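K.L.:
If you read the protein sequences in the order shown, they are chains A and B. Residue 395 in numbering that gives the first Met the number 0 is what sits at position 396 of the first sequence, and the numbering runs on without skipping anything. Residue 39 in numbering that gives the first Met the number 0 is what sits at position 40 of the second sequence, and the numbering runs on without skipping anything.
Hints were generated in silico from the structure; no laboratory data involved. Just so you know, these numbers come straight off a predicted model, no measurement behind them. Built from N, CA and C at the ideal position, the CB exists for glycine as well. Any given hint could turn out to be false.
Heads up, incomplete: computed chain A residues facing chain B, CB under 7 Å, no partners named [what the hints assert, rightly or not]:
| id | residue |
| --- | --- |
| 1 | Leu10 |
| 2 | Leu314 |
| 3 | Ala317 |
| 4 | Gly319 |
| 5 | Ala320 |
| 6 | Pro396 |
Covered by chain A, per the in silico footprint, the following chain B stretches (three or more residues, Cβ under 8 Å) [unchecked claim]:
| id | stretch |
| --- | --- |
| 7 | 55-62 |
| 8 | 176-182 |
| 9 | 231-240 |
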Amino acid sequence: MNILNLFKVSLRAVASNKLRSFLSMLGIIIGVGAVITMMSIGQGSKASIREELAKQGTNLLTIRPGADMRGGVRRDPAQMQTLKPADYEAIMNEKKYVTYVSPEVTASGQVIYGNSNTTSSMYGESTDYLKIKQWDVQDGDNFTEEDVRKSAKVCIIGKTIVDELFNGADPIGKNIRFKSIPMKVIGVLKSKGYNSWGMDQDNVIIAPYTCVMKRISAQTYYGSIVCSAITEEMSDHAIEELTDILRRSHKIKEGGIDDFTIRSQAEMMETMSTTMDTVTMILGIAAGFSLLIAGIGIMNIMLVSVTERTKEIGLRMAVGATGLVISIQFLIESIFISLTGGIFGVLLGVGASSLLPKMGMPSIVPAWSIFLSFGVCVVIGILFGYIPARKAANMDPIDAIRHE
Amino acid sequence: MKEENNNKAVIELDNVKRYFHVGSEVVKALRGVSFKIYEGEFVTIQGTSGSGKSTLLNQLGCLDTPTSGEYYLDGVPVRKMSKSQRAHLRNKKIGFIFQNYNLLANTTAVENVELPLMYNNKFNSRQRREAAIKALEAVGLGDRLYHKSNQMSGGQMQRVAIARALVNNPAVLLADEATGNLDTRTSFEVLVLFQELYKQGHTIIFVTHNPEIAEYSSRNIYLRDGQIREDTINTNIKSAAEALAALPKPVDD
Ligand SMILES: Nc1ncnc2c1ncn2[C@@H]1O[C@H](COP(=O)(O)OP(=O)(O)O)[C@@H](O)[C@H]1O
Ligand SMILES: [Mg+2]
Chain A
0 MNILNLFKVS
10 LRAVASNKLR
20 SFLSMLGIII
30 GVGAVITMMS
40 IGQGSKASIR
50 EELAKQGTNL
60 LTIRPGADMR
70 GGVRRDPAQM
80 QTLKPADYEA
90 IMNEKKYVTY
100 VSPEVTASGQ
110 VIYGNSNTTS
120 SMYGESTDYL
130 KIKQWDVQDG
140 DNFTEEDVRK
150 SAKVCIIGKT
160 IVDELFNGAD
170 PIGKNIRFKS
180 IPMKVIGVLK
190 SKGYNSWGMD
200 QDNVIIAPYT
210 CVMKRISAQT
220 YYGSIVCSAI
230 TEEMSDHAIE
240 ELTDILRRSH
250 KIKEGGIDDF
260 TIRSQAEMME
270 TMSTTMDTVT
280 MILGIAAGFS
290 LLIAGIGIMN
300 IMLVSVTERT
310 KEIGLRMAVG
320 ATGLVISIQF
330 LIESIFISLT
340 GGIFGVLLGV
350 GASSLLPKMG
360 MPSIVPAWSI
370 FLSFGVCVVI
380 GILFGYIPAR
390 KAANMDPIDA
400 IRHE
Chain B
0 MKEENNNKAV
10 IELDNVKRYF
20 HVGSEVVKAL
30 RGVSFKIYEG
40 EFVTIQGTSG
50 SGKSTLLNQL
60 GCLDTPTSGE
70 YYLDGVPVRK
80 MSKSQRAHLR
90 NKKIGFIFQN
100 YNLLANTTAV
110 ENVELPLMYN
120 NKFNSRQRRE
130 AAIKALEAVG
140 LGDRLYHKSN
150 QMSGGQMQRV
160 AIARALVNNP
170 AVLLADEATG
180 NLDTRTSFEV
190 LVLFQELYKQ
200 GHTIIFVTHN
210 PEIAEYSSRN
220 IYLRDGQIRE
230 DTINTNIKSA
240 AEALAALPKP
250 VDD
């Protein structure tokens, strides 16, 4: 029997039982739809996080205190205090591959103006910070070197703070209180909105790091130091240079372990990507289980179908169908059901994925997830069609044709 | 009781036995059956229920294999053949007609008749359709080609089944109680068809428990307890067409 005839026979069987075929497809449709949607959410989030990180400057370098934590070893609290003003000075004196440098000290707490109050984070930075982050002041001005030297109680604030505290009034020149310290607002930042984590990037106060260290958190070390390499391509040179400077400044001997960690934005993006790929995979596998269940559903229905069509199988055998031909007929049937389900599932998944951004969720349908879905559907069709097909093929034509 | 026959033997059974093991018991359905059936014969096989008729027909139809003995179909020994070899043999050499028609539900007459050719690589879809139409015309259903099986009467369904058995131009037609589900009149109509096929030279083996039918065949084999009790040539074959004409007219015709 040629394969074309086999297809005809199988498809006729599918068509003659449309409702049942559709119901067994339904599991696959939902399963594939879920897999594709999950993949697209994972990949979409990855892309939007990458974009976010890129926006912050791809030449951004972050120096954090403590040894490289990627091993996951617990950190000694003393290790968190290794970045000192002397390091900043050394970097400023020796830097060649680094353009801008800003020590960073953060604090969070209540901000008050008049009767209004809100909770925010204060970033103590140098005057370079806005250039590193490619951020602009919309009204007023950035603070000056002078302000830094004097630990001046001045600050620039994000749009959220303006909205929360000033109710339409001009904030420039007004004094707000952060943790009861009065700070004069000298500038308002351009709005950045929410990032892909859902964090409000405009709920910030930026002040000279000297002021935050001295007057607010009373500490002598930095939380971190952010820099920008002269170009993204020079990031590796910049990291080498900074490592060299800091090791000397910290008097770390040859072979000793760094008590600081430098990450480039590119590296952060890589880490993020890897994490998001893992998340995508987990989402995909979770959704994949529904495909497994759908496959079992197909097997179930095929088994019922084989039993129901025992007489027909007997007749086909009597007129010359071999066991092999019968089993192929049922395999084609199950593959057809799962593959057709797959096609509709892909449509469903792509449709759902294209609606997600409208609800604020990033989504990108990777082409490979579509091919993967089709592949999985064929495998499911074969895998779960095999048992029913074999059951049909092993029937005795005499018994089968007598079956009522 | 055999008489000389110049035709070639389509079927030859040589001491065929078929035992079934049911638990610790052995059911001897066929206890050594030997006969030859020649091309162009119309043989009825008779016997009471349980005498082994169906078991014998299953051997002849290559659906089952003898426990011992040999069966030659068209000169080819069948007993040692594999399952798939037997399937191919059925496809080429045998036409089955069943008591309950066994048509595919919701399928047109012509598609039902095409079924055996679906498993024959030598036919493309056009040739298949042509052969099916020819077979349906031969059984008088040329005007019912595209009627679905469930839109037909019992007699029509059995004609479709006969067309399906004829479509591969088999060496032998095997019918198991082919008129068993039909009323008297329709039975005779089908019998007329069988007699026509016989006259055209088809070899027919017709299993029945109805002794009357033997009068319309050319030879009758009588089975009892898995053995042949009688094997007689019918020299005075009655005409089914005449018998049909003699039947009282149906009221609503
Ligand atoms: N598959 C089988 N297993 C066991 N016994 C069987 C089987 N097929 C037939 N028989 C037995 O063989 C005998 C002959 O059966 P069968 O050929 O069907 O008779 P008939 O068709 O003449 O009524 C019966 O006793 C029946 O019970
Ligand atoms: Mg019987």
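K.L.:
For each hint, tell me whether it holds in the structure or not.
P.N.:
Now for the hints, and whether the structure bears them out:
1. With a cut of 7 Å, the hint placing A:Leu10 at the interface with chain B is violated, because the nearest CB-to-CB distance is about 13 Å.
2. Hint on A:Leu314 holds. Least Cβ distance to chain B is approximately 5 Å, under the 7 Å limit.
3. Interface hint at A:Ala317: satisfied, since its Cβ lies 5 Å from the closest Cβ of chain B, which is below the 7 Å cut-off.
4. For the restraint placing A:Gly319 at the interface with chain B, the shortest Cβ-Cβ distance is roughly 2 Å, inside the 7 Å limit, so the hint holds.
5. The beta carbon of A:Ala320 comes within 5 Å of a beta carbon in chain B, closer than 7 Å, and the hint placing it at the interface holds.
6. At about 5 Å, the closest approach between the beta carbon of A:Pro396 and any beta carbon in chain B falls short of 7 Å, and the interface hint on this residue holds.
7. Counting residues of the stretch 55-62 of chain B whose beta carbon lies closer than 8 Å to any beta carbon of chain A gives 3, which meets the minimum of three for the stated coverage.
8. Check result for the stretch 176-182 of chain B against chain A: violated, 0 residues qualifying (beta carbon to beta carbon below 8 Å, three or more required).
9. Requiring three or more residues with a Cβ within less than 8 Å of a Cβ of chain A, the coverage given for the stretch 231-240 of chain B is violated, as only 0 such residues are present.
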